[in-house]
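**Q** Protein chains in written order, with the working numbering: chain A, 2 to 472; chain B, 111 to 424.
Because the hints were derived from the structure by calculation, they are not lab data. Glycine is no exception: its CB is placed at the ideal position from the N, C-alpha and C atoms. Please note that the accuracy of each hint is not assured.
Which stretches of chain B does chain A cover? Using the computed rule of at least three CB atoms under 8 Å from a CB of chain A, they are [stated by the list, open to error]:
1) 174-185
2) 239-247
3) 366-372
4) 386-394
With the Cβ distance kept under 8 Å, some of the chain B side facing chain A (calculated, not the full set) [as the list claims (entries may be wrong)]:
5) LEU156
6) GLN157
7) ARG159
8) GLU160
9) PRO161
10) LEU265
11) THR269
12) PRO273
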Amino acid sequence: MKQKWSLIVLILLFALILTACGGSTEEPAAENAPAEEPAADTVPAEEPAAEVQDFVTWYQYDEKNEDPASDERVGNEYLRNTIPQFNEAFAGKWNWANQPKAFDRMTTELVAAVQAGGEVPDLFELSNTQDVIDFYRNGTAQDMMAWAQEQSWWSDLDPNAIDACTAPDGALLCIPISQRPQLVYVWNDRFPDGYPTTPEEFLARAEELKAEGLYAITFFGSTDKGGEGLTRGIWTTISSFGGALDDGQGNMLLNTPENIAAIEFLREIVANEYVPEIAFAGGFQEEEAFKDSSAGSFPTGLFGYRYVNPLTAPNGTAYAKGSAEDMIDAIEAGDVYLTHFIAAEGQMPGCGVDVAGFVIPVGATNVDAAHDYINWIMSPEQNANWVQGPGGGFPALKATQADPAFQTTFYKEAAEAIGASACSPWYGSLERPNEAQETVMTAVYKLIKEDPTADIAEVLTQTQEEYNAGN
Amino acid sequence: MRQLLSRSKGGGRTQSTLPFWLILPTIIVLLAIQVYPALYTVWLSLQEREPEGWTFIGLENFKRLFATSLFNESVGHTIVFLVGYAGLTLVLGFVIALLLSRNVRLSGLYITLLFIPWIIADLLVGLIFRLMVVPDYGLLSGILQNPAIIPPDGLSVLTAVPPKSWFGDFPFPPAAAMTFLILASTWRALPFVTLLLLAAMQTVPTEIIESSRIDGANGRQVIRHIMVPLMLPTMVVALFSLTLSGMNGVGMVFSLTGGGPGTSTYVLSYMLYSIGWDRLQFGRAAALALMIAIVNWLLISGTLRLTRVEERSV
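Excised from the complex, chain A in its bound form (with noise of 0.2 Å):
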């Protein structure tokens, strides 16, 4: 009977326990936005609501880190600067409360928070398009559409950067504020006579920087960072060769002639030591052969001056401020120039885009801050700012795009290579972009350095089987 008395306690214990871990994991059903009360453009609260409320954003930036070697300092020092200017504007009513989060841990948070209805955030900071699928997938952000259509600013935004944001279901995952294409940095030095334009004077030149001791390119080769390169310098070949990784249908498609001859010339490339070895070292390794610029090139990411620095010219030239001002300095001085990558024959050269922009996730309870802000970033004393500090591309709203802060060099040169590009995300229809990334980048990884003996085709028809068996 004690027993049996023990035994029912037990359950009963394990039961509520059970209630009260397992309630909250019920997720908060995927809500529309509301939008009943369309924000004004910019809302400065004219009267005051009776009690401030938290709005909490997650950041992969941290206000109170005043590091000057910091690898975020641009974006540190952007909270620092608009955080009070916010809570100013909207003085009051909202109180910006910023949780700083790791860049590349920051979407997996969110979807496990989300999933087992944790505390999220009425703001999530979107860095990289392919977040867009996974929030998808996973029901992790709320559908932005009804309410952003009723902004004024909707009909300004650049239609690629809402593509972007839409997810298969035509859902509206994200706010696109800015773009940020993949293109490549040259030391002028190296290619003074202007980057080659197709492989085979790619070849030729590369051959003579090798015969000087120097390598002609760098880039992310390694299989580190889940697969990360692929959607650097190696989705840019292969869109460069006018390859793609799926069929338009949601499944993968490597084994096509111009991922083979993508692959062929990569292979190519790494077999001459046209390539340094740190390329594949990973943990971001590869920037340093640019950094000294032992390395001519360097195919990466638009916002990845931030990051390459401090640098030393091939003429002597030290930029050492150790920020980002160092590449900037560079291409102002015209030791560094940004140009498009080369293209095979009949092809235009490519490169990926990803988005920067905004997430209101699904259980965020303070959606309304989540809109005022959104639409004060919007605003034309915000926006410009935001897209140079933490966005790092180019403006997605178009008027932006006419700011004097985006008429320097830099953009200038960077708004050529682009428009002189078909740049598209590198993961297509594919559903599960980052299985795609992890997988792919192994097999390339595998045919250009492991096993440059192994039988391309081959290869890549085993990647794509195994990845549509999942399907």
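Based on the hints, put chain B in the right spot on chain A.
**A** Relative to chain A, chain B alone:
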């Protein structure tokens, strides 16, 4: 009289249920932090996340894992890592413990110094070792990448292509990065194992060792026939601890090699991390976690059984 009886009966009941109430808080904590997550993991392993919500897919996650080439590779890498790491740490730990047991001068200082790696987080150890071998810029790269020292082309640990396998798909001999990972892991675990073995060594009665020497046993025979058998239970515990930490640890792989070059240091624990945190496939990650848990359970029960047998035989 009846009142007295009932009172004593009541008091007896309180006494007999008292242990239950005393351990109740512990049980509640265990239920909350161990049983519930375990049950949730089982549930999760049978689900897949779709845009519409969680979908029951039975054992599909397990099937997909087995069908993934990376899973088979990871199993091979895990075996190589565990054998190398546990074996090397045990052997080196035993040798160092033997040296320290001989009352050399400043042995106290050596023991203190020896303990330093153990207090550094594995993530940091991985970073430190990585900085030593980063191609071109690493502390040891100048030596290792020098063709005159390591012919014909020198060795770039983090990017070297794995040698051709001797056993089909089984990754042996290991890639340079795997060997380096084993060395780094050994360096960190060595203090713990050394101190464990040193303590065990000091419990071996000196009379037995002295009498064996009088009987003509040399140093090697004393170690083999006296010390090792008497220290065996401790060695089994050390082996058990090393195997579990090697099986489940992910920090060192994460910061030192990131599973690379290619997939040559992709072990099961890193695969679990990658599937869950990089790919966001929580269902499949839960399935792999369950498999790893079963292997852990087998290792624990096997070691416990082995320890009992050895204790009895000793």
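**Q** Any hints from earlier that this structure breaks? Give me their numbers in increasing order, please.
**A** 5, 6, 10 and 12
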